Each structure stands twice: as C-alpha cells, then as structure tokens.
Amino acid sequence: MASSPLAYYPGCSGLGTSMEYDRSTRAVCEALGIPLKDIPDWSCCGSTPAHTVDHALSTALSARNLIQAETIGLSDIATPCPSCLKNLKTAMARWQDPKIGPAAEKLLGKSLQERHRVRSVLQVLYEELGPEALAAKVSRPLAGLKVVPYYGCLMTRPKDLMDFDDEEYPVSMDRLLEAAGAEVLPFPLKVECCGASMGIPLNKAVTRLSGKILELAASLGADAVAVACPLCQMNLDLRQGQVEKANHAIYKLPVFYYTQLLGLALGLPERDLGLSKLNVNPEPALALIRQSRPKPAAETAATTEDAA
Amino acid sequence: MNLTELPRHSILYDATGILKARLLLKISKDLRVFSNTARLRVPRHGDAGRSVICADVAKRHGVSPDYRKGQSGFPARSRYFVLHCNPGGSGMDRVNLASSDRDFIRQVEEESGQTISRCYQCGNCTAGCPMGFAYDLPVHRIMRMIQTGQKEAVLSSKSLWYCATCEACTARCPNQIDVATIMDVCRHMARRENRLGVWSVRVFTRSFLETVKYFGRTHELGTMAGFMLGTGRLLTDTDLVPKILPKKKLALKPHTIKAREEVSGIFKRFRESQKEGNHGK
Numbered sequence: 664m665a666s667s668p669l670a671y672y673p674g675c676s677g678l679g680t681s682m683e684y685d686r687s688t689r690a691v692c693e694a695l696g697i698p699l700k701d702i703p704d705w706s707c708c709g710s711t712p713a714h715t716v717d718h719a720l721s722t723a724l725s726a727r728n729l730i731q732a733e734t735i736g737l738s739d740i741a742t743p744c745p746s747c748l749k750n751l752k753t754a755m756a757r758w759q760d761p762k763i764g765p766a767a768e769k770l771l772g773k774s775l776q777e778r779h780r781v782r783s784v785l786q787v788l789y790e791e792l793g794p795e796a797l798a799a800k801v802s803r804p805l806a807g808l809k810v811v812p813y814y815g816c817l818m819t820r821p822k823d824l825m826d827f828d829d830e831e832y833p834v835s836m837d838r839l840l841e842a843a844g845a846e847v848l849p850f851p852l853k854v855e856c857c858g859a860s861m862g863i864p865l866n867k868a869v870t871r872l873s874g875k876i877l878e879l880a881a882s883l884g885a886d887a888v889a890v891a892c893p894l895c896q897m898n899l900d901l902r903q904g905q906v907e908k909a910n911h912a913i914y915k916l917p918v919f920y921y922t923q924l925l926g927l928a929l930g931l932p933e934r935d936l937g938l939s940k941l942n943v944n945p946e947p948a949l950a951l952i953r954q955s956r957p958k959p960a961a962e963t964a965a966t967t968e969d970a971a
Numbered sequence: 034m035n036l037t038e039l040p041r042h043s044i045l046y047d048a049t050g051i052l053k054a055r056l057l058l059k060i061s062k063d064l065r066v067f068s069n070t071a072r073l074r075v076p077r078h079g080d081a082g083r084s085v086i087c088a089d090v091a092k093r094h095g096v097s098p099d100y101r102k103g104q105s106g107f108p109a110r111s112r113y114f115v116l117h118c119n120p121g122g123s124g125m126d127r128v129n130l131a132s133s134d135r136d137f138i139r140q141v142e143e144e145s146g147q148t149i150s151r152c153y154q155c156g157n158c159t160a161g162c163p164m165g166f167a168y169d170l171p172v173h174r175i176m177r178m179i180q181t182g183q184k185e186a187v188l189s190s191k192s193l194w195y196c197a198t199c200e201a202c203t204a205r206c207p208n209q210i211d212v213a214t215i216m217d218v219c220r221h222m223a224r225r226e227n228r229l230g231v232w233s234v235r236v237f238t239r240s241f242l243e244t245v246k247y248f249g250r251t252h253e254l255g256t257m258a259g260f261m262l263g264t265g266r267l268l269t270d271t272d273l274v275p276k277i278l279p280k281k282k283l284a285l286k287p288h289t290i291k292a293r294e295e296v297s298g299i300f301k302r303f304r305e306s307q308k309e310g311n312h313g314k
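Line by line, the protein sequences give chains B and L. Read in this note's numbering, the first sequence has 840 at position 177, and its numbers run on one by one without any break. Read in this note's numbering, the second sequence has 245 at position 212, and its numbers run on one by one without any break.
Looking at chain B on its own, in the form it has when it is part of the complex (with noise of 0.2 Å):
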C-alpha cells in the first residue's frame, strides 16, 4: 500500500503526556503501510481555550498549520487528537465564512491557498485499510480483552463538519478493535463528555463525569477502556486515582490508546507502544492478551482457532 504520504500532526499533547499516542499512532501506521511525514514546524491549533476566547483566534491559529502543510506539498491531513481534528475542520469551514475569515487573515498575515483533506488517523484507519485488511494483518490477535470503546465528544461531532462515522453510536474503533480479535463490548457512554479540561479549573467536573463512564465500564465487566483522545486519556487514567477516591469506589481499569491494543494485535514490540506510560497497571489486561495469545506463527490464519 505505498500510497502517498499523510500530512501528520502530531498535537501538543503528543509531546507530553499522551507521548504513547504519539508513538503507538506512528509505529501502527507504519506497520500498515500508511506513510506519515510531519508538517514541518507546526504549531499548537489553540485547542479549546482558544475557540472560547474568539473564533477569529482559534482560526488563524489552526489555519497557520495547514498552510505549514503546503509547504511540502500536502494536503491531505491526519492527527491522532480530536480536539486538533476539530479545530483544523473548523478553520476550514471559518476561513470561508466572510465575518471570520477576513478577520482570521489579517491575524495570520498569510492566506489559505487549497482545499485541505483533514483526518483522525482513525478515520485513515478505517477507511483507507478497513477492519477486514487489518484482521489479515493480526498476528496476535487480542483474544480474551473483554473491552469497552470511548470515542470521546468530538471525534464525530458535529455531524457535518466531522463527516465520520455516526454522531451519537460510532462504531469504527469497535470494527477495528474486533478485527484485532478483542471482544468489544456494547457501550452506551461513548460519546459521553468525560470532563475535558475542567479538570483543573473544576475537577468535581472529572471526578464526577469520568465517575460514570469508568463506573458503567466496569460494571459492564471490561477488562479495559481502549480510547482516542488524549484528554479523555488523561481523564480517565491518570486521574483515575481521583475519581476513584470522589466516587467512593475502585476500577482499576486501563485505559489504553486504540492504537496501543492494535499495535499489540499486530505483534509490534511492547516499547513501541509506550505502555510503560500508562498509569493504570495495564498487566492483568496484557497478562489476559498473553493467555489466550497464540505464539506468532507463519500463517496468522490458523492461530485464531488454536487460541480458542
């Protein structure tokens, strides 16, 4: 699959504390066969702090990385973050509009030259490769993870802007989660707000709305979160330990990037998925994976059947 490359950017979270998004995104990307070339020197697209503040901002801010994208001739746009995903979509749309656009070009001091293509890497996942191409590429495949899929709020809305999968019961990360053997559960919080950034300014927020899609989950009996977005991340492993001691209760559920679990599916090396950096002990769900885990054999097909 030597198509031409994507346009990646990597979001300021990637960098820091989602780093093993960053790293799990690109060791699968590059596993399938799915080229990614930064876009040289690229900024933050101001996130939500930006867009509450003026629209104008939040568009020059994300536009300047589109335009970064030009300079090495593409188009055609991938980040792993939604909360980035939304706001370089956003910047598209508003560079159009004749009350923000103008006013967003001045502040930039550049213009917009095409048409930008931008993506979740989810979404190139998905529609690029497809569950049944992934499935041909498992060499170990997740069987016996029992988990449960958060996308996240933004990641599918608003509708006709984001243009993927469905609004309120998305499905693609189920699909490929699946064709990488795990067994994903039926999870009515998907798309559910975890808390975002309040959980600084207002935790009682994450405490208390993380609470729910944690308490669900494990009342569902996963054996782990699989997630997109690297605040939801943060929400929901990192400050487990605080929503755990708000709500009265324990998890103890870790909290995987979707792309960690297939980089796993797909037998890549375990420290190139960065799960040294979750913070929940993800062993009992690797120690699961392992069990049921066929050794890597030459024909992946067969393996399947012998694991069960």
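Any given hint could be a false lead.
To be verified - The calculated DSSO-like cross-link candidates involving lysine-lysine, where the alpha carbons are at most 27 Å apart (straight line), are:
1. B:K762 with L:K246
2. B:K908 with L:K280
3. B:K908 with L:K276
Unchecked claim - Ranges of calculated distance between the beta carbons of each label pair, as one might list FRET restraints:
4. B:G736 with L:R139: 21 to 29 Å
5. L:S297 with B:P703: 44 to 52 Å
6. B:P703 with L:V274: 28 to 36 Å
7. L:G298 with B:D823: 43 to 51 Å
8. B:K908 with L:L229: 49 to 57 Å
9. L:W232 with B:Q759: 46 to 54 Å
10. L:H288 with B:E933: 23 to 31 Å
11. L:L254 with B:G772: 28 to 36 Å
12. B:S666 with L:V274: 40 to 48 Å
13. B:A799 with L:L254: 38 to 46 Å
14. L:W232 with B:E795: 27 to 35 Å
15. L:H288 with B:I735: 13 to 21 Å
Said to hold, decoys possible - Listed next, the stretches of chain L that the computed footprint assigns to chain B, with coverage defined by at least 3 CB atoms under 8 Å from CB atoms of chain B:
16. 139-149
17. 164-174
18. 178-189
19. 199-207
20. 222-233
21. 265-277
22. 282-290
If you're looking for bench data, these hints aren't it; they were derived computationally from the structure. Being a predicted model, the structure only gives us computed values, none of them experimental. Each residue gets a CB set at the ideal place from its N, CA and C atoms; glycine is no exception.
Start from chain B and add chain L according to the hints.
Frame of chain B; chain L shown alone:
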C-alpha cells in the same frame, strides 16, 4: 444552601452522583430525594458545609440528624447533597420584556450565524448537557433568555464559563441550532465587556494560551504553573505529581517552534484588534 431556599420540584441526588439503584423518597410534595442504596457513602472530613441539608431533611422527618453515629432511623448512614437543582425551577421568574435588548439578540445571531427564534424550548440541550450540574442557568434557559433579549442575565451567567464545549447540545438539537457556538459567542461577548466570569476557568484559558503565545506550542507544565500562580490554588493536582513524574512524560522544557514569532504575532494582532474594538463586529 438551605432546604427552605430550594426552589420547588428540586431533585437531590445522593453524594456519589452515580445512580446505580435509585430509591425515590418523597420528603415533601415539593421535594424529591433520590437515594442510592447500593452505594452509601461514609461522611468524611470536608463535608461539614453541606450537612445542613441532611439535618434539615432529617428534621422534617422527625428523626435524629445525627447520621454520623449511624443512629439515625432515616436513611441509614446515607447523606444528601444538592448536586443538581434547577434554579428557579418553578419557571416563575419574571422577565421584563420591556427591557428586551434587540441589539443583543441581533448580535448573537450575527456572530453565531444561528437563528435564535428557531428554539422551541424542548430542553434537549439541557438534558444532554454534562456540565449542567455546575450551571446557574441551564442551557435551554440561556437560549430562552437570548430570545427575550436578557443581555445582562445571559452575559453574567456562570454557565458560559463552565461549558465544556462538548457539543452535545448542538448534536441533539431537533432544530439544528448550533447551541455550542451560541455559548461560544456569548462567552466572547462577556470577555469583550470585561466581565469577570468564573475566575478559575479564565485563568486556565489564559495560562494555556500564554504558553502557546511564547513557545508556539502548549507547554503542559507551564500551563499548570500559570494556573496555580494565577488562582493561588497551589495544590492543584499535586496528587498526580508522583504518578506522572516516573513516567517521564512531562516535558520540563517547552517545545519551542522555530517560527514562534509567527504565532506570537497572531496574538499580538489579536490584542490590537480587541483594543481597537473593531473585531467581531
């Protein structure tokens, strides 16, 4: 808050806020309490300010408010907190239509590109709003107050600042109104009028954007430091420090981009345009 101050038809949730098994207790005809019998919570240090509610509930029932010793006949060792109540839930707050600010309505419509009159008050936005528990005005009431031109009430609302911009309201509006953008736009207007808003949220936003301005990319540690110093909440998330440090994830130094003056230039010109007051009009 005292029980007697609660508006009619308030709903009280128990302390966990997690409703696994609900038991409906009728305290009085105006007040319902949902108790979660599956997960009773033991009172702990720091709850003192809220005990008035339990005591008051207990008093109405003529039982001992001394739940601490577990002697109370009224719901054993469980405590009640007001986590969610519908402010002015009776819906009887008077709105002076003579004070309707037409310019405000027009401005919100213009900046958001939405038609406010399309809202028919179904309340779907409020039903799906995850942050509603922290709001002083539920989002459907904000919509109604914009319709009636109540500029002061809308722009001084705390709800604008607690909105997490999850867009559930936009996604679930049966009339395709982009409610989240309307919240955004109202927040912008409140900022332009230099309203205080919710201080902690404002400081967080500012410290985040300051790091972007200086380095071109967010610096997580810098954002936290800015927040702690700005709010004086020096102990924010210090419990997370021993968890995250060994993971070597937090970058001590910011990741400065080469063209950082490009990004700081955006902020500079933005500030200038705000000063001139010609922005967003």
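Review point. Which earlier hints turn out false for this structure, listed by number in ascending order?
Key: Violated hints: 4, 5, 7, 8, 9, 14, 18; rest satisfied.
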